[in-house]
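Participant: Protein sequence lines, in the order shown, are assigned to chains F and P. No gaps in the numbering here: position 325 of the first sequence is 325 in my numbering, and each next residue is one more. Position in the second sequence (first residue = 1) + 1000 = my numbering.
No lab work stands behind these hints: they were computed from the structure. Don't be surprised by glycine CBs; every beta carbon is placed ideally from N, CA and C. Just so you know, not all the hints are guaranteed correct.
Said to hold, decoys possible - Derived Cβ-Cβ restraints for the label pairs, each shown as a range:
hint : chain 1 : residue 1 : chain 2 : residue 2 : range
1    : P       : Lys1247   : F       : Gly159    : 53 to 63 Å
2    : F       : Leu238    : P       : Val1087   : 33 to 43 Å
3    : P       : Gln1362   : F       : Tyr85     : 16 to 26 Å
4    : F       : Glu122    : P       : Thr1343   : 42 to 52 Å
Stated by the list, open to error - Calculated cross-link-like contacts (lysine-lysine; reagent style DSS-like; alpha-carbon spacing at most 27 Å):
hint : chain 1 : residue 1 : chain 2 : residue 2
5    : F       : Lys286    : P       : Lys1371
6    : F       : Lys81     : P       : Lys1368
7    : P       : Lys1223   : F       : Lys286
8    : P       : Lys1371   : F       : Lys284
9    : F       : Lys268    : P       : Lys1029
10   : P       : Lys1389   : P       : Lys1351
11   : F       : Lys81     : P       : Lys1282
12   : F       : Lys284    : P       : Lys1385
13   : P       : Lys1276   : P       : Lys1265
14   : F       : Lys28     : P       : Lys1072
15   : P       : Lys1037   : P       : Lys1014
16   : F       : Lys268    : P       : Lys1368
17   : F       : Lys463    : F       : Lys384
To be verified - Which stretches of chain F does chain P cover? Using the computed rule of at least three CB atoms under 8 Å from a CB of chain P, they are:
hint : stretch
18   : 34-45
19   : 49-55
20   : 279-289
21   : 341-348
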Amino acid sequence: MSKYYATIGLEMHCEGSLTNSKVFSPSKNEYTELPNCNVTPIDMGFPGVLPVANKECVRMSIMMANILHARIPEYMYWERKNYYYPDLPKGYQITQNPPEECVGNGGYIDIEREDGSTFRVEIDNLHLEEDAAQLTHLYDTSTINYNRAGNPLFELVTGPCLHSADDAVSFLEYMRAIYQYCGISEADSKKGHLRCDVNVSISEDPDKLGTKVEIKNVNSFSSVRDAINYEIERQSDLKDEGRYDEEVVQETRRWDEESQTTKSMRSKVDAIDYKYFVEPNIPKIKLDKKWVDEIIASTPELPYERKAKYMNDLGLSSYDATIIIKDIKIATYFEKCVELGVDAKTAANWICTQILGYCYKEEKEIDEIYLTPERLAQITSAIKDGRISSKQGKELFALTLEREEEPEAIMEAEGMKQLSDDSELIKIVTEILDRSEAQIADYKGGKTNIIGYFVGQVMQATKGQANPGKVNQILKEELSKR
Amino acid sequence: MMDKTIVELHEELKSGKVTSDELVQESLKKSHEVQEKCNAFVTILDDAKGTEVTDDLLSGIPFGIKDNYSTKGILSTGSSNTLKDYVPFFTATAIENLTKHGCVPVNKTAMDEFGMGGTGTTGHTGVQKNPWDTSRMCAGSSSGSAAAVAAGVYPFATGSDTGDSIRKPAAFCGIVGYKPTYGMISRYGLFAFASSLDTCGVLTRSVEDAAIVVDAMKGIDPKDMTSWDSSNINLYKDLSKDVKGKKLFYIKEIVDKNNYKNLPKETEEHLDNFMKTIDKVKELGIEVEEVSINQDLLNAIASTYVVISCAEATSNMSNLTGFSFGPRGEGSTYQEQMKDHRTKGFSSLIKRRFVIGSYVLQAVNQDKYFKNAQRARRLIVDAIKEQFKKYDGLILPVGTGPATKLDNHDMVSDDELTVLDEHLQIGNFGGFPSITIPNGFVDGLPVGINITGNCYDDQNVLNIAYALESSMDYKNQIAKEVK
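If we strip away everything but chain P, and leave its shape as in the complex, we get (with noise of 0.2 Å):
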């Protein structure tokens, strides 16, 4: 039952095939034998309780959330050791919003370690495996959400995105991952990593139930003086297949072939099979377009993501001292007694993070480090701004191909192809709407096609993605183990 999308379980419920109680039976069963395969989880809660049905579409229905929203009376630890035992008295606006529809969490997913890592591998209990290939990562940070959603535990997860952790993880999981416009959904309750690019969204797998769990999930909030009001945003009720005149493009620097001297194999069937879905958008009656952007400019994402991120990081990471929450550190002073939390808390990862983000944001080096990456940020998304004026969205590859291999994953990637890994962070360094749906599969893995739009313009983004989506054969696909 729990590979069906949320209008048919809905449908299910209301007709009295099955009740809110036995859904969520299932979906916990299921949380155990996921956990078994792909230790997507760092809480099952096996006390979780049936809802009234009503004429909600989520009422009812189970759903995950990841271990960085802060839930009430409920471990949340962020995937950390310096939260290993943290339960909050207070609930995320994301996740008030979606429960007040009646729908249930069932578990909390595990993540890379306060979102920061992008393999799933870096949180305090342990790593995150591929449901398709438990060899291979999930990618993350929203690891275990994208594991348990491509598994069939249930029709969707909240994830987090700061860099691309909700629409990667979807792209190596073959489900959709959905980042909104910064601001759509309230981050009061998210447990902070980089706060200008940190954005909630979700991991589904249909656009079509991406729209619906979106539209619970956002709407402004008093206590995020980010978000604004989408109150005349209606995703789900607005969502159309017409999408006939629209118009995209794509980054020739980025998918060109000929731009790459060592093209790996999965590489070169990931970018060939981008160019037959390119085809596919053309007779939705898309117009699609080769642009081409300054490739120092290209060459620059990388490193702007990792100076502000991490100078963010560093700082919204700060409050973790083992003094009003967390484990008390040891030591006779209260500089020891910090340090000792911190050492032993943070993954060597963050450490390294931590130490980079102080570099960048000391005095003798701000101008140098971090207020030319706010510079260099500011271009790439100026640049891209321009190409909105003209395009309906930005239409690229997710990653360098399928899932990676755990085994190799402290594997330094390949220089020139850095920006065909990374190029999703643009979506964060504007705000902009960006979705990530399956578009096929390399080596029997599902790869995936991202499009991204201009700020507040969600609908075009979710419309043009929902009719590509239906153009293909990868909706509802649950994870079926190849090897």
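Looking at chain F on its own, in the form it has when it is part of the complex (with noise of 0.2 Å):
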């Protein structure tokens, strides 16, 4: 741990998946693996083509400012940021500039910690833009896919006020459960939907800022945290060699996945001047205050209200109501289950422990597994009505999942099943206890937890099919007799 105060800023990128068309043409907005295959002149900056906003990116960057409680604006307006790169087909950016224009102008937001405590964010602004081109660098060439060109960017600047690694990253883990919630975008890292740009500094006086580090497109939040952690660590022991202030300078790094540290990209000195000014294809677009208020109403239910309701009204553990409201499919996923009948504590339990580690195992998203929630509810249901045995049931599930067959015909192929029928316990008690005088004599004697040695027998007898709830009990009776 770094004995200075560290404070770190984020910019934090994310890819709105779930529009139907680009952000400024028509083209489809669709993730695929096949190269610009979604592509119209618009997006390739051909020669007379011009910017059209779509309306249903305005709608979620509102409903998104105001989540923020940012200050949202009389009228929309972008302007231009110009720089050269091959990636960036017209030579300039259309994005939303200087801050009191953005579609979001300040506000906050409250994060949650694992321990229960909580933090606030300050936002600086949110802004509506449109994406790059995606190149990939080969050994001697480099290729172009404008699939991505065009698509609509939400990116958020936090002001500097954040203080540890951990809490960025809780910061950004419920801000792409927000997305995901909002129906704005599918946030996958995966599919490159989100990427950070991280503010740095460090500082023996916490009322004192230090030089600012910025590192750029940090792609994943575990490098989030690696990042900033070695960013701390690197400052910090500049700071320790009195090396701090001629090493230290205000420069733009970058995090080099391979070595596990950051790289200076350039220095302050070479920062590139973007000469913003307005985009004069897009008239400033009044917005309608009933509009406004209409998609400030239909704001969905969000992550943390999801999880009060989980712990009020359904008896959730803080612990495991962290974990489902994290990810929208997940939470889909459990009220699924509940919905289905499925208690609500069982299904989080389930959730939490096996599926999610079946999940990560496979590394496979929840919605993508073959153990859906009507199947799981037929795994549940089973053990409840005393059909099969909780023992039974994490077979059952491991073999769902293997053999990708409905739970109820597994069962009925394995001849799966719990005796609880009273007489034929009784006889099969009767026959071990008939041969077992001795055992007898030691539980009248007080060994009362040999018992256990009785249920073993009438498991072994069963092949693990009797209700033991019920040989329990038979047992019980039956030991009384004699």
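From the two separate chains plus the hints, produce the assembled complex.
Facilitator: Printed below as a string of structure tokens:
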């Protein structure tokens, strides 16, 4: 741990993956492995093309601005950010600037830590812009994929208000969940929907900010954590060695995955002048107050609201609820289970242990696995009805995923059932007790825990199908008769 | 036949005296003659065929397209080496609208590179010469379109106007040039120069033809957010000479001869001719008054234009890198390839403008130059709009006289004449409808007069021009070589 006070600011880019078309062009907004198939002349910046703002993207950005308690402006306004790069077909990006003109200006959001404490993140601005094309650098050549060019991008800029990598990641995870809950983005880092720039500085005096270092293009939350911790350490070491003033300069660095270090890209002196100016092809769009109110009113239930509901109404632990709300797919899965009549706590247990464990191991999303909420409900109801034991339930869970067959069919095929019929169990118990004189004597002599021995015998005799509760009860009754 | 008006040609076609194919062939033949003489075209579409003649006035009639309109399957260069082999796969909305009416494109007209210049001398295929006198320029940037219409290749050609690119060449070539209100015609598919000023329009030989063509080109376009619904405007149908009681103003500081110390003879005659035309305007029952506008504001027009247009141009043309279209530059890095493509592709004039545009947009300079130019633009527009509360339009002479000699076009024009030369840019600052019509001759060469009105008031502007045109003898004139 560094003895210095770290200050962190984040720029979080989230691609709005859930619109039909791109933010300024009618091309399909869709993730696909096939390059350059969702492209119109607009996305490639051919001469004479013009941008047309996507109303759906504006709606989403207004909803987000409101969630962030930001000021929503009277007009939507865009500027051009000018620079040359092969992934930028027009030679400029249509974006929002300055912050006061952005769809969200100022604002804050409160984040809950895992230990239940909370902290507030100040928002500088939220703006709606277009994404660039995707470059792939090969050995001696580079390729350009324009599918991503022009996709809607929501960029959220925080104030310098975070002080640990853990808080930074908690904030990012919560924002990801919000984007998902609002139907704006799948926020899937595997599809490149989330990208972050991180600003880090250290200082001895909490009231003073040190020299800010920017780390660009950190593309996963675990990298954000690593990059922040690395940078705090790097800067602290330099301070300890008395080299802070000369070597920690205002600069842009990048996170190098391979070496797990940050590397210098350019200093402030070489900072690009983006020559921002008004985008003349998009007139200022007046935001109808009624429409804005409708958007705000239509905001869906947010993750923390759901968490409170799960805890208060469904009796979930804070731990389970936190895991379930983190990803809308998990929350949706959970709610479907509850809707199908699975006891909420039971469902949460299965999800937080068995199911997410399996997803993690198989690198699958919860909505991709064969075990749908309907199939989980078959298993849990079989256990609940006493048709199978909970031990059998776990076997059934594994077999369902392994064979991809209906749990009911597997139960049938495997002869999985629980023997709960009293007369049959009494018959088996009587047989066992008849040949266990010595053990009965021990039991009668006060060694009551020997009952476990009898249970084991019954289980053996029934190939594990006997209902353990019933067996216990019958054993006690029969023993007392002897 | 190609010296006739659209209505006359339509009647000939309807009566069967001529076929559309015959008109197209005549226009193509004429194109080659004018190419020889004036170098007016980038491409002549020798395969062009006539179309079915319907009740539509434009059906079957040949026309020209300025080379900065994107035309699917047809070379579209913007007269620049950066696009010398560029064949687009989509057509500009304005051209699609036109061809729906059945008219037939027969050539793509040469221009100043990407519309920047105003001389008709900077295109990659060379200089456009004035059909009245080939030692003189056509002005630009719609130089090829103006030369072709004046020479009688067809009754109309499309143009585009960012500062005066339709209205000045029209004056130099003795024809009509009409720039409608900004956004009346979609810009989708027009190669951008300065997007907040760029306007599509037309060059014709009569106000009536201009009305017919713009009726066909215009319309709200879902692809252009700056376009607006003009379906209630029918320029040709509502064309009327009933202009009695209308009021016009001219700007004293621009037309008063006493305001100039060294007035060239041609300019003096041009101003005298303007005042004679004003008398004709008054005879039509139109009130004309002299209005004084702050000289500092007028002096700011040219520099305001340079700053805004160069700034937008440098950004708009950043797509020309030679990666996804245009010739790929040489070099071992992408930076070298871009640099090579742009160094070889652009003329020196454009490069100079890019440097200016970049400079005025730099963070350290932006407030002083770009933001100030935007303020000046607003002040100029406000001053003119203030007058439009009282007047139907502004009437002024176009340029400093007849077409300039090609061999002295590099001469820096006299500072005190700058306002006279550049005032048409007011029309682009405000997005105003603005039309130039011929109003006589100086030294045997045509000169023009311009009428500019308030936004959306196109009909009023056209009607005044229509009435004035009828009271003079320069309607439908074809260039006659004078020297």
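Participant: Looking only at beta-carbon atoms, does the pair P/Lys1247, F/Gly159 fall within the given range of 53 to 63 Å?
Facilitator: Distance hint for P/Lys1247, F/Gly159 holds at roughly 58 Å.
Participant: For the pair P/Gln1362 and F/Tyr85, does the Cβ-Cβ distance stay inside 16 to 26 Å?
Facilitator: Check passed, 19 Å falls within 16 to 26 Å.
Participant: Per the coverage rule (Cβ-Cβ under 8 Å, at least three residues), is the stretch 341-348 of chain F covered by chain P?
Facilitator: violated (count 0)
Participant: Run the distance test for P/Lys1276 versus P/Lys1265: straight-line Cα separation, threshold 27 Å.
Facilitator: holds (17 Å)
Participant: For the pair we were handed, F/Lys28 and P/Lys1072, check the Cα-Cα distance against 27 Å.
Facilitator: holds (22 Å)
Participant: With a C-beta cutoff of 8 Å, work out whether three or more residues of the stretch 49-55 of chain F approach chain P closely enough for the coverage to hold.
Facilitator: This one holds; 5 residues, not fewer than the three required, reach chain P with a Cβ under 8 Å.
Participant: Starting from P/Lys1223, check that the Cα of F/Lys286 is at most 27 Å away, please.
Facilitator: holds (19 Å)
Participant: Is the Cα-Cα distance between F/Lys81 and P/Lys1368 27 Å or less?
Facilitator: Holds: F/Lys81 and P/Lys1368 sit about 19 Å apart, inside 27 Å.
Participant: For the pair supplied as a hint, F/Lys463 and F/Lys384, is the alpha-carbon distance within the 27 Å limit?
Facilitator: holds (20 Å)
Participant: Given the hint that F/Lys81 pairs with P/Lys1282, test it: the Cα-Cα distance must not exceed 27 Å.
Facilitator: Judged against 27 Å, a Cα distance of about 51 Å means the pair is violated.
Participant: Against the 27 Å threshold, does the CA-CA distance of P/Lys1037 and P/Lys1014 hold or violate the hint?
Facilitator: Distance ~33 Å between P/Lys1037 and P/Lys1014 Cα, so the pair is violated.
Participant: Holds or violated: are the alpha carbons of P/Lys1389 and P/Lys1351 at most 27 Å from each other?
Facilitator: violated (41 Å)
Against the hints set out earlier in the document, violations occur for numbers 2, 9, 10, 11, 15, 21.
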